[in-house]
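There are 2 protein chains.
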Amino acid sequence: MSDSTSNKPLILISNDDGITAPGIQALISVMKELGEVIVVAPDKPQSAMGHAITINQTIRLTEVHMYEGVRAFQCSGTPVDCVKLAIDKVLDGRKPNLMVSGINHGSNASINVIYSGTMSAAVEAAIDGMPAIGFSLCDYRWEADFESIKPYIKQIAHETLKRGLPYGTLLNVNIPVPKEGNKIKGIKVCRQAQAKWKEDFDARQDPFGRTYYWMTGQFVNMDKGEDTDQWALNNDYVSVVPTMFDLTDHQRISLINQWNLQTHE
Amino acid sequence: MSDSTSNKPLILISNDDGITAPGIQALISVMKELGEVIVVAPDKPQSAMGHAITINQTIRLTEVHMYEGVRAFQCSGTPVDCVKLAIDKVLDGRKPNLMVSGINHGSNASINVIYSGTMSAAVEAAIDGMPAIGFSLCDYRWEADFESIKPYIKQIAHETLKRGLPYGTLLNVNIPVPKEGNKIKGIKVCRQAQAKWKEDFDARQDPFGRTYYWMTGQFVNMDKGEDTDQWALNNDYVSVVPTMFDLTDHQRISLINQWNLQTHE
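Quick mapping for you: the protein sequence lines, in order, are chains A and B.
Residues in the first sequence are numbered consecutively from 31, following this note's numbering.
Residues in the second sequence are numbered consecutively from 31, following this note's numbering.
Derived by calculation from the structure, the hints in this document are not laboratory data.
Incorrect hints may have been included.
Given that identical chains are not distinguished, each listed pair holds provided it fits within a single copy or across any two copies.
Straight line, CA to CA, 16 Å or less: simulated EDC-like cross-link-like pairs of lysine to aspartate or glutamate [said to hold, decoys possible]: (1) Lys218 to Asp266; (2) Lys215 to Asp266; (3) Lys209 to Asp266; (4) Lys226 to Asp118; (5) Lys228 to Asp158; (6) Lys119 to Glu93; (7) Lys119 to Asp232; (8) Lys125 to Asp158; (9) Lys209 to Asp175.
This one's a predicted model, so the numbers in the text were calculated from it and none came from an experiment.
Assemble the whole structure, with the sequences as input and the hints as a guide.
Right, here's the structure in full:
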């Protein structure tokens, strides 16, 4: 608020692994080199929350002092709640020049984009009109190596700040862990691979003899294309997928128009 | 399971308002006229859950006997969890000929598709390869009039059973409440209107003097097009939007390819 006369770009940050995650710490350290940073992130892990919002419960928002030179807030809601609260209660009418989400611990490539809280935070920012990027590292471990990937994060954020993005488009960036002895080969602009998770729920008995389930599953890539994010990651490239929130299948409108949709009342 | 030799089409039903909602009761009664019905739905309201899945908690699944002639299960998880559990634990390898979700109490047109648990259940079914439809009535009230809209539900489901849908496409169907004295004029195949919610959080003090928030907001339609779902609904037409889960903005791939994405390590 006091910085509103600064010439530095304003950068909003969120994630879905929570405000204490190493991934968001790495993202904050890179973004501080590019502009003024404001963080609004969940107070606990919110992975796989998709685009959930909190409408039947109350939400808390608390300023925390944990990142030097950065205004930071933890929020009891979902990643999308964080972005909505930032817009309404934190930014004081200022429009961020960039919103970045992540760095997610684990891949959000291919169909994972649909389940991802990290990407949903970026989608929400894009709906509001901010240039937005979701960053993910294909390593689920808390101690994943975020240090060596910082140059990629910085370059993609820098270009996005410089060029902007048309309304309706955001970026889904995934970063591979190269195979033993390899280095990341570069950055590829891709399409989302056609893939799915094959469910395999683990059924167990509670101490009272009743069944409960843990969700597990196997990732199935049905897509042989070499222009997909999954191909890029498997071949040690960073994948950048231009992503949109207009879900209309425009090509099928004419197909469905041929159907008989008259009712016979 | 015992019915696996039946020639009737198999129809899987879920929703996000919970298994006791009037909307799902209406949907079940229509689908029973078209085929064999299996229901797996949340045991409590799960509106606005988007595509959330439950990975950090256990899930319960319980058979309930509340709909005559229908196998029905309530699930403690999200709408997407319901579909995943149905596939892995309920359907016994049988492939539904159709999956329908709803009837949602309230609109899932335009940007609401992104937040909707109803639509996410249908998206999950479509990812698995089922022809899928999300149905919503633009009336939030529990006592909304589902009876008069049944012919539209039946005709659209009937056509989808007959024609199928290409992999990657599902239908987002919204039904208006016609203005006083009007009737529904017919069905229009549309695109998703460009719209958003403008946040307006209601800040309150708890008994201990701390602030908490309720999410509220105002729907803003930025789209003047007469080919949108929002236009159709405002003009007393049922809207049918062919919807997809490939979020790639294919048209922007060439744009982003012109960027300088080389790092300078």
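Check your understanding: Is it within, between, both, or neither for Lys209 and Asp175, if the alpha carbons may be no more than 16 Å apart?
Key -> Only inside one copy: Lys209 and Asp175 sit 14 Å apart there, 59 Å across copies, limit 16 Å.
**Study point:** Within, between, both or neither, where Lys209 and Asp266 count as close if Cα-Cα is 16 Å or less
**Key:** Answer is within: at 7 Å inside a copy they meet the 16 Å cutoff, but 57 Å across does not.
Practice item. Check Lys218 against Asp266 for me: Cα-Cα at most 16 Å, and say if that holds within a copy, between copies, both or neither. Key: Within. Shortest intra-copy distance 10 Å satisfies the 16 Å Cα cut-off; inter-copy 46 Å does not.
Practice item. Check Lys119 against Glu93 for me: Cα-Cα at most 16 Å, and say if that holds within a copy, between copies, both or neither. Key: within (12 Å within a copy, 44 Å between copies)
Review point. Using 16 Å as the alpha-carbon threshold, which applies to Lys119 and Asp232: within, between, both, or neither?
Key: So Lys119 and Asp232 pass the 16 Å test across copies only (10 Å; inside, 42 Å).
**Study point:** Homomeric proximity label, Lys125 with Asp158: Cα distance no greater than 16 Å
**Key:** within (10 Å within a copy, 39 Å between copies)
Review point. How would you classify Lys228 and Asp158 at a CA-CA limit of 16 Å: within, between, both, or neither?
Key: between (34 Å within a copy, 8 Å between copies)
Exercise for review: Evaluate Lys215 and Asp266 at a C-alpha cut-off of 16 Å and name the case that applies: within, between, both or neither.
Suggested key: Result: close within a single copy only, 6 Å intra versus 55 Å inter.
Review point. What label fits Lys226 with Asp118 when the C-alpha limit is 16 Å: within, between, both, or neither?
Key: Classified as between: cross-chain Cα gap 14 Å, same-chain 36 Å, threshold 16 Å.
The structure meets every hint from the earlier list without exception.
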